[in-house]
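Trainee: Residue numbers (numbering that gives the first Met the number 0), protein chains in the order written: chain A, 0 to 153; chain B, 0 to 412.
Be aware that one or more of the hints could be misleading.
When the alpha-carbon atoms are kept at most 30 Å apart in a straight line, the in silico BS3-like pairs for lysine-lysine are as follows [said to hold, decoys possible]:
(1) B:K147 x B:K407
(2) B:K80 x B:K325
(3) A:K17 x B:K325
(4) B:K244 x A:K17
(5) B:K407 x B:K27
(6) B:K169 x B:K147
(7) A:K24 x B:K375
(8) B:K189 x B:K147
(9) A:K92 x A:K79
(10) B:K27 x B:K334
(11) B:K405 x A:K17
(12) B:K27 x B:K76
(13) B:K375 x A:K17
(14) B:K189 x B:K244
(15) A:K55 x A:K17
Simulated from the structure, these hints should not be mistaken for laboratory data.
Each chain, written out:
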Amino acid sequence: MSSGLNELYQQLILDHNKSPRNFRKLDHPTYHAEGYNPLCGDHFTVFVEMDGDTIKDVSFQGSGCAISKASASMMTTAVKGTTKEEAEKLFEKFHAVVTRDIHKDTEDLDELGCLGALAGVAEFPARIKCASLAWHALHSALNSNGAVVSTETA
Amino acid sequence: MPRTQDVSFDVARVREDFPILGQKVHGKPLVYFDNAATTQKPQTVIDVLSKYYSMQNANIHRGVHALSELATYEYEKARGKVKLFLNAADSREIIFVRGTTEGINLVAASYGRKFIKAGDEIIISAMEHHSNIVPWQLLCEQTGALLKVIPMNDAGELSLDEYDRLLTEKTKFVSVVYLSNSLGTINPVKEIIRKAHERNIPVLIDGAQSTSHLTIDVQALDCDFYAFSGHKVFGPTGIGGLYGKTRYLETMPPYQGGGDMISSVTFEKTTYNALPYKFEAGTPNIADTIALGAAIDYVHSVGLEGIRSYEKALLNYATERLSAVKGLRIIGTAKEKASVISFTMDNVHAHDVGTIVDQEGIAVRTGHHCTQPVMKRFGIPATARASFAFYNTTEEIDRLVDALGKVKEIFGT
């Protein structure tokens with residue numbers, strides 16, 4: 000197997016795909032938003048419950064490939080308990096890491112923690128949209144515009 | 000199980016005609032199984048394009064100079080080749096368009112706007128490509144007509160009984176696909192056309208997939224329109240053909256206005272040109288049209304009969320080998336099938352399958368294949384699809400099966 004594939008399908012990612020965390024609907028979400036990739040059919044809804052400016056609870060539902068599902072799952076564990084601003088900053092860093100080729104040993108990668116497992120996506124340009132789909136939905140939810148986020152317009 | 004060498008077809012020699020097939024992808028010899036999306040081009044087609052721009056380029060149907068006459072001659076010669084390829088009665092029934100999509104849009108816009116009224120019904124099938132759904136939806140929105148859909152069974156076969164029930168005095172047009180791009184089903188279009196004609200309803204056949212895999216005879220089918228794409232029959236992108244019976248084309252208004260489609264223009268009135276030029280406004284895609292003619296010559300040189308039987312053997316071999324992969328489910332198991340195997344794998348999304356086999360140098364399509372209603376019908380988000388051409392081999396199918404083993408290894412399924 001190529002080293003790129005090993006990095007893309009790491010154990011942590013396969014585990015989040017098989018047993019996604021926070022894979023449920025929130026009963027009383029403050030915000031929710033859909034993320035949809037019309038080219039492949041990946042479709043997620045992200046639910047957020049706010050306590051003031053803090054993300055008290057976050058969850059997701061939907062279907063997609065291993066990369067999109069694992070990324071959504073890891074995102075929920077990463078942003079729970081953060082402020083809106085912190086979550087948006089994390090998205091920026093995550094986006095920077097998955098969309099560039101040279102990512103090793105960067106400050107951003109260190110700060111991402113377990114989300115850094117998705118850095119291997121950068122070598123598979125066709126899959127970057129998979130990794131960032133749930134994040135775009137979260138961004139839309141936090142900004143509560145309620146619009147369906149499509150990878151083809153985001 | 001037949002092996003490549005058991006079938007009397009010299010695939011090794013044919014492969015030499017396609018320079019791209021000698022490439023490596025991710026360090027492995029390319030296995031190109033995305034032929035339903037677009038086919039590869041033989042050297043003769045590539046050479047014709049190069050020759051045209053090196054030695055023949057001029058605008059057609061106007062200049063009296065030598066190059067213009069040569070370009071016009073080559074362009075019209077290509078029309079003659081398409082006419083023979085489809086067995087149309089007359090070259091004037093062949094209109095050059097960008098591809099199947101434009102061919103269908105032309106009919107929906109031109110025939111549709113003139114002859115379809117509010118309350119009329121248009122019949123399509125459950126396995127249409129979006130390009131044979133959306134143009135009719137647009138027409139329905141504009142006219143107030145209604146779209147009716149022939150359903151299919153779990154194997155991916157259309158229900159002709161349901162079709163009989165849908166055909167009524169309200170039905171004014173039928174448009175169905177000959178060979179499904181996502182299921183591989185060959186539809187009984189001759190029967191579908193016959194039933195529509197009993198009620199004098201015209202029928203369009205979407206020939207995007209069928210044209211490279213089946214022998215097409217528009218007169219034997221008796222279809223009223225037939226649309227196909229050049230790039231799916233080993234020709235260039237951006238060129239395709241629409242066949243239409245003269246008696247329909249003559250009654251239809253132009254699709255677009257411009258140069259070449261007129262016989263006289265004044266500010267008071269324009270008289271349209273004769274068929275087929277009435278439907279070819281503006282400078283056409285001359286180079287690619289000529290190259291499409293070369294692609295048709297190439298297909299004839301390989302031999303339609305040989306292609307047919309070899310591809311059948313490939314499909315049978317692939318079906319047997321893929322069916323034996325644990326957790327793999329083939330979507331589309333019609334009795335009459337060609338060239339396409341769509342499949343899902345337990346607990347692995349099609350995109351992950353696509354990425355992993357790509358690393359082995361194997362190009363398959365993953366997603367909904369522009370047939371979202373088909374995916375919905377089968378309750379799946381996407382499939383992986385291997386689609387074959389006559390330059391593929393059983394050894395390549397073996398490599399796909401091995402690569403799917405790697406998918407299962409990674410996902411622990």
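Trainee: With reference to the structure, classify each hint as holding or not holding.
Mentor: Hints versus structure:
1. B:K147 x B:K407: violated, 41 Å
2. B:K80 x B:K325: violated, 46 Å
3. A:K17 x B:K325: holds, 19 Å
4. B:K244 x A:K17: violated, 56 Å
5. B:K407 x B:K27: The given pair, whose Cα atoms are some 20 Å apart, holds under the 30 Å limit.
6. B:K169 x B:K147: holds, 11 Å
7. A:K24 x B:K375: The given pair, whose Cα atoms are some 23 Å apart, holds under the 30 Å limit.
8. B:K189 x B:K147: This hinted pair holds, its Cα atoms lying about 19 Å apart.
9. A:K92 x A:K79: holds, 17 Å
10. B:K27 x B:K334: Given that 30 Å is the threshold and the Cα spacing comes to 35 Å, the pair is violated.
11. B:K405 x A:K17: holds, 18 Å
12. B:K27 x B:K76: violated, 41 Å
13. B:K375 x A:K17: With Cα atoms ~23 Å apart, B:K375 and A:K17 stay inside 30 Å; holds.
14. B:K189 x B:K244: holds, 16 Å
15. A:K55 x A:K17: The hint holds at about 25 Å.
Taken one by one, the earlier hints fail for this structure at numbers 1, 2, 4, 10, 12, listed in ascending order.
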